[in-house]
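Enquirer: From first to last, the protein sequence lines are chains A and B. Residue numbers for the first sequence follow this note's numbering, beginning at -10 and rising by one. Residue numbers for the second sequence follow this note's numbering, beginning at 9 and rising by one.
Quick caveat, the hints were computed from the structure, so don't treat them as lab data. Glycine included, every Cβ here is placed at the ideal spot set by N, Cα and C. There's no promise every hint is true.
As the list claims (entries may be wrong) - Simulated coverage check for chain B against chain A, where a stretch passes if three residues somewhere in it have a Cβ under 8 Å from a Cβ of chain A:
(1) 119 to 131
(2) 467 to 479
(3) 643 to 650
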Amino acid sequence: MPKVRLTINRETISLNVSPTKLLIDLIREDLGLTGTKKACGHGDCGACTVLMDGKPVNSCLVLAVEAQGKEITTIEGVGQNGELHPLQKAFIELGAIQCGYCTPGMILVGKALLDQNRDPSEEDIKKAVEGNICRCTGYYKIIKAILSVAKGKT
Amino acid sequence: MKSRGMPQVEALKKATGESVYTEDIRFPNLLIGKILRSPYSHARVLKVDTSKAKKLPGVKAVLSGEDVPPFPWGPAVDDEFILAKGKVRYIGDEVAAVAAVDEETAVKALSLIDVQYEELEGIFDPEVALKAQASRIHEKGNLVTSYHFTRGSIDEGFKKSSIILEDVFEVPRAHQAYLQPHCAIAQIDIQGRINIWATTQMPFVFGSRIAKALGIPEDQIRVIQNTIGGGFGGKNMVPSLYLIAILLAKKTGKPVRIQNTREEEFFSGRVRCPAKIWLKMGIAADGTILAKETKIIMDCGAYASNGPAIMITTSMRADNVYRIKNLKTQADLVYTNQVPVGSFRGLGNPQMAFALESMIDMLALAIGKDPLEVRLKNATREGDTTVHGWEILSCSFSDTLEGAAEESGWEQKRKNKVPFRGIGMACAIQPSGNRFARDDDSSSAYLKMSPSGNLMLMTGEGDIGQGAYLTFRKIVAKEMGIPPERIQVLPVDTDISPRGLGAFASRVTVIGGNAVLAAAKDLKKQILTAASRIFNLSLEHLEYKEGKVFSLAQPVRQFTIEEITQKASALPDGPPLLGRGFYNPPSSKVDPNTKYGNIAVSYSFATHVAEVEIDPDTGTIKILGYWAYHDSGNIIDMIGAEGQVEGGIIQGLGTTLSEQLIIERGKPLNPNFRDYPLLTAPDIPPLRMRFIENEDPRGPYGAKGLGEPVLVPCAPAVANAIYDAIGIRIKKIPILPEDIFFRIRKSKEIR
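Take the sequences, apply the hints, and build the full model.
Expert: Structure below.
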């Protein structure tokens, strides 16, 4: 089995993985980071989004071996030093979370957007989360939460 | 109470990935279960050979029809076997199952199971299913059940009508599309009791149904509800995967997990029940609606599931929105060889609301009146007992109509037409809870005091993402006069939690909330009694206020609840401070013959207005604006309430504009999120909402239910707006651009 070395949530690890293993299974099963959700298995819903070198990817479509040498961020690694990320705070305070299944993906996509564009418009945000399905909130409060962080309100 | 809500404690866990959903639980020696499903819509099962699969290394158990209980079961009609015996009735029907050390082995084992089928003629149209020569899906025939009633005299009503219209409306299968697929983990403990971790909206009812399906006493089952990734009614039933997981765990002696893939969700979920509705209605020249005659045919697919309750809801609920005295309804629930049905936000109400609210616009326009005026003239009002015996104690329905019309600019937009733009409205009623199908609609709660003076709330209701626990926490906080942060809500565990029916029928806030409120009141009483004994003070001199007990005797003294709790546990005979609350709504079960009765403790109302613009070259429908006015009594948590409205409307617009399960000869053709198009962020329209608050006399702090009416008016509001825009009447949802395009083209040809 190939050995993969990657950084996950700022910690570098190396482990042997089967060449057919998906990144989501490495994250959920081998590393026990169950915050990453699998809702469709085909890259259609975005629930399994993680950041790979800062860019959002559907971890159900990425092979674990493709993460070789990459820096992966999951929802567990978004906050730092015991502090919530501003997006996490905004999602909680503005009611952008209902069942929570899409939340990790939404927050990670939001983070990738804000890391790249400090002043996105509402349209930019809608476009950024277009690949992420939320069945509970109708997206209104999710967009509002991301926008509020961009505007420095939360 | 009127504050802008406050963050859910649950939300903190969800935002950090800490929440534990069923599939996140880790067990040593966990086996993975997989289900072999029928590739045929209707076939005899001649032979299931599992011998090769059993020999595959890593396979721990293989089950087929001969391994499951010999009797059929179902929530309403006993017509399902846990694994097929003799016959399969839809593509996706469960035939065999395996448990293996990992998923790969389990999937491989499925391919080694050899099933011989003899294909039978499939039936996919419920009207064909009812024909005498149709092949029988179940032995007793294809009609599951019929339902009919009359109120007043439709003959009289039609005689007095100046306009009578009739038409046919259709609503197809749609999927609830909750993001978390169904997941079961079953484990049998050393006593032989079943522990099941389940994605269910109603843990106690779920446990009863499992007991029924397996033919064992209910106390042999412990149901644990974890964080739930959405339900919308789709997690009200007990799909076979739960029962299969239990049987596999029994057979192997190890915990077994089965989780549906997304495809399995579409193939074997319990989807919205499709309906074909023939509607004939009469209206007087002054706008009074005088008669409604309805024939409904509903297709529950291969098994009855909760189809009977859905059909009754389609038949009756919308009748209570208006004061229509003369009714006659005939409804048939029919088997076909297609995926079975279940609840979906509003139960059977969206189906009929689409037909009725479209017809009301048609009638209004036929007599030359504004649809708003006709609705206002006929609207159910406070103090009414409706045609079906529903007692309306609080009602701001007319205010929702007037408010939505005013804010949306209704009058001006209806009069001053802009080409290809239109505005439409539709309304809904929703009972808080529903007793029509059961004797029990009660709820219980325990409120336990910890030594620190913090409270642990136990309820049987459960939070499925809608924010029930926050609502409960706010109710307790208000009653006890302490901050909500001091209250924890424990997840439902049927071994520990007091009984409650669960999250359905928009009942949790009102029925669960009243039980929680009663528990808080009981706890306050106990705190006072304990204080009286501890400090040797007469009870009548003691007063509870904001987490403290005051002695009004001289000298005036005060004690905190922490102090009282700690001292109470040192009293020779305690007792432990545990508030107990119970609420059984003063509603009545319907009369079995007349179906008449007050089914719920309170009723919510809604008016939605949609403004659309049609692109005549492409048929594309753009929602320019959407206004939602709701009467759900007093709102306990404003942010949560807004979330219900926003999410419900986007679901409703999804089922109006794009969502349908496309089934070709029994086979779902779009069983994934790429081909089953849900709305995403760029699709959402500008939305304005308002709650017309009123103090319902029976709700906890005047609250009424909200979860379901948010979706019900969407389709007819849009359909009515489309008619206003282009003069084309929509009679079938979803309303696809190509349909609009061809209708426009056809109408041009006719001209």
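Enquirer: Confirm or reject each hint.
Expert: For each hint, the structure was consulted:
no. : hint       : result
1   : 119 to 131 : violated (count 0)
2   : 467 to 479 : holds (count 4)
3   : 643 to 650 : holds (count 3)
Against the hints set out earlier in the document, a violation occurs for number 1 only.
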